[in-house]
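Undergrad: If you're matching them up, the sequences are chains A and B in order. With the first letter of the first sequence counted as 1, position 12 gets the number 12 in the numbering used here; the numbers rise by one all the way through. With the first letter of the second sequence counted as 1, position 232 gets the number 572 in the numbering used here; the numbers rise by one all the way through.
Treat the hints as calculated values from the structure; they're not laboratory data. Incorrect hints may appear among the rest.
[Said to hold, decoys possible] Below, in silico cross-link-like pairs of lysine-lysine (PhoX-like), each with a Cα-Cα straight-line distance of 25 Å or less:
id	chain 1	residue 1	chain 2	residue 2
1	B	K388	A	K295
2	A	K332	A	K230
3	B	K587	A	K332
4	A	K219	A	K230
5	B	K596	A	K338
6	A	K310	B	K557
7	A	K332	B	K596
8	B	K596	A	K295
9	A	K338	B	K586
10	B	K596	A	K310
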Amino acid sequence: MTKHVAVVVDHDRGQAPASAWEPLTPAKALAQSLGGQVLAVVLASDGQALAQEAAARGADRVLLVEHEALQDYRTDVYGQVLAALDEKEDIGVWLFPTTTRGREMAAWLAAARGMGVVPDVFAVEVRDGQVEATRPVYAGKVWARVTAPLPAVVTTRIRAFPAPDPEEGRAASVETVDVDVPSSAVTVTGYEVAASEGPRLTEARIIVSGGRGVANTDKVPGDEVAKAKKGFEMLGELARLLGGALGASRAAVDAGYIDYEHQVGQTGKVVSPDLYIACGISGAIQHQAGMRTSKVIVAINTDPEAPIFKIAHYGVVGDLWDIVPALIEEIKARGLAKES
Amino acid sequence: MNIVVGVKVVPDTAAQVRVENGKVTWGDAPLVLNPWDEFAVEAALQAKEKFGGQVTVISMGDEHALEALRRALAMGCQQAYRIYEDALAQADALATADVLAAAIRKLEADLVLFGRQAIDGDTAMTPAAVAQRLGWPFVGLVTAFQGYDEGSRTLEVTRDLDGIKQNLRVPLPAVFTIAKEFAEPRYPSFMGIRKASRAQIPVWSLADLGLEAPAAKVAWSEVLQPPKREVQCQFITGDSPQEIAKKLVDKLIEEKVL
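The following block holds chain B by itself, in its conformation from the complex:
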């Protein structure tokens, strides 16, 4: 099975992201493999272990993307490609989907996995758009691979639909996003890290993918610092838990939330 995982590099979840001089900044917070993508990498490695094949990780982005690709290699992916040129700097979710779809075609993937969303743009738009571009089935938030039928090339999966689990039979090639319930992502091994740090990661240009520069329709016209919540915590005190509970309930009724 030829498995491809699409990943992105993002500022760490603990980063103090803010707006400075009209631009988004996160100071010197580290850039990491998008946390949701770790689950997709884990699912890809498990698919390979169960069904055979190899795992290729791809990312569209400037040199910072190497951080995410190397982490995925260290976890156990066999191959990595970075796709970039300056014309892609302003790509929106659909332009990104065009580029990734072309790369996935070139790699002749059977199974394509993504994380649920990137924690920077938080759009969750790219994976389903990639499937549409490829004309392949799409299933979001997969929580388990149940089984694979080699003859019909059909994968049985369970997905989460806002609290309900749906079981599906999906012919490959197909595109999935992987939910956190799938499995805890593995830590890279020492050997894995060494291998990843030495790996040659080829860069593909638009021409390598037979593409023109895609035009972005969606643009961020402005970034804003959300208004600071001017919250002065009002501490509720009393001689007994009962008195505190009574005062708190009074306040919540006043606020019209009870």
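Chain A with its partners taken away, still in its complex shape:
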């Protein structure tokens, strides 16, 4: 019996985050093991562009469900449509990226169809009729190897798999699927877009992050919070120049230096960028849990005994108020700044 692998294309009103395409990479390998195809599933009010992009990035078939009720993401209506598709198609593994929507849809679909669900995996394969995946638990302090019988629902850890590049001219059959789209019990009354620009913390390739040490200076006037805000402006400039995102430790957020949306750590965001620059962050275990899988970690701290140096690849024992401006100048001087 042929079984296919379905990747649900994550998007907000037609805009797909970079992580939306990452599940296509494990999908290809899983489809090979199963002898099936990679199906991309697009639920939207107008999904043609997403369907074409899914085809260009390697889907064999695209299942497109277009309906007004799918304009705004709501778990119940998206989940019910996915459950209906699961009844129609022979799908062995459903894949989502581990975004907020991805997790919610995965849970709903798995519950609706009685499938096992394995979220946030960084390795996954099919063996002996089972999904075998590896995922971090206890904030990454431990890894668990997890099994679930086919068919199963899996979400892939953001940035654990590379998104396949679009191949120009690659086409796939885009099939408009006729399923009942129920109306959601929930009404969307509006949106507020976040003020911050640049990549999202969880998807950024580079993160510049600040801690309590950001306030520790005589170089700018004002009270502690005023100093810290100046400091985070400076870190924000470095992040912007590098095309990255601005992070913070819990201590900095709790002290009122910066908003919670920037918090990296066990009770903030878990990130895994190529480069993590920790400025004035001592490196509590809860912070490490949120960033220790970063490819290259740089720590700048005045305290040579700070625990952050134990996990950093490069360390500078010094004042971030000296080093960061010098870094900004160096990056500009060498033409390394990203066009914004």
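For this one, chain A is given, so just place chain B on it according to the hints.
TA: Below, chain B without anything else, positioned relative to chain A:
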């Protein structure tokens, strides 16, 4: 409004969790109310203060779960129930959802709140699955309750969708997870702690909920200690910040991350 909060007990965030003899251990680190659940308890108490009603806290788990339930009672919840029998020891997220959904039905809840995820399994799967089981609306990562319309029993909420805020009108009964932005959780009062320590917490069995033992599909076949990062920090030194910056940038270009 009949408000139910689902909570879990977990090792403290500072616990040195590791694998020993093929099992997960956290030594003698304390077990606490899951930190994300504190926000759900806070939201439940605020909902009660604003809209009236009562707050019941439930947890599926062995006797350790009492730690989480008592903390929630001390914060101000009125009632607590623990759901357990040995057959539930290996329950996965969906089996847990089955059990919690049955308990929520029995409690005739209007509003069901959870934390975003438990910091042990880190799955974040149970709340949406509970909503599916109940056939109720689900909204994740709610950051604010904007208002409640008694006539239509509709709650207006704001939620976080990976950086974008979405405003929604949700008919009750419904299931929500509560984001950290909602509000700082309150500390238990001295009176609250005293009351909680004396509270009788009934235990419900599967039979009490009219359930058979649910079968878990998902199993942890093995737990592993993540490979230790063999990091030897290379310290960059120089006579001036400019020299340090130059050397550091050279290294980062070598690493192909700039």
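Undergrad: Would you mind marking each hint as holding or not holding in the structure?
TA: We went through each hint and held it up to the structure:
| no. | hint | in the structure |
| --- | --- | --- |
| 1 | B:K388 with A:K295 | 46 Å, violated |
| 2 | A:K332 with A:K230 | 20 Å, holds |
| 3 | B:K587 with A:K332 | 15 Å, holds |
| 4 | A:K219 with A:K230 | 10 Å, holds |
| 5 | B:K596 with A:K338 | 15 Å, holds |
| 6 | A:K310 with B:K557 | 39 Å, violated |
| 7 | A:K332 with B:K596 | 18 Å, holds |
| 8 | B:K596 with A:K295 | 10 Å, holds |
| 9 | A:K338 with B:K586 | 18 Å, holds |
| 10 | B:K596 with A:K310 | 22 Å, holds |
Violated hints, in rising order: 1, 6; the structure is consistent with all others.
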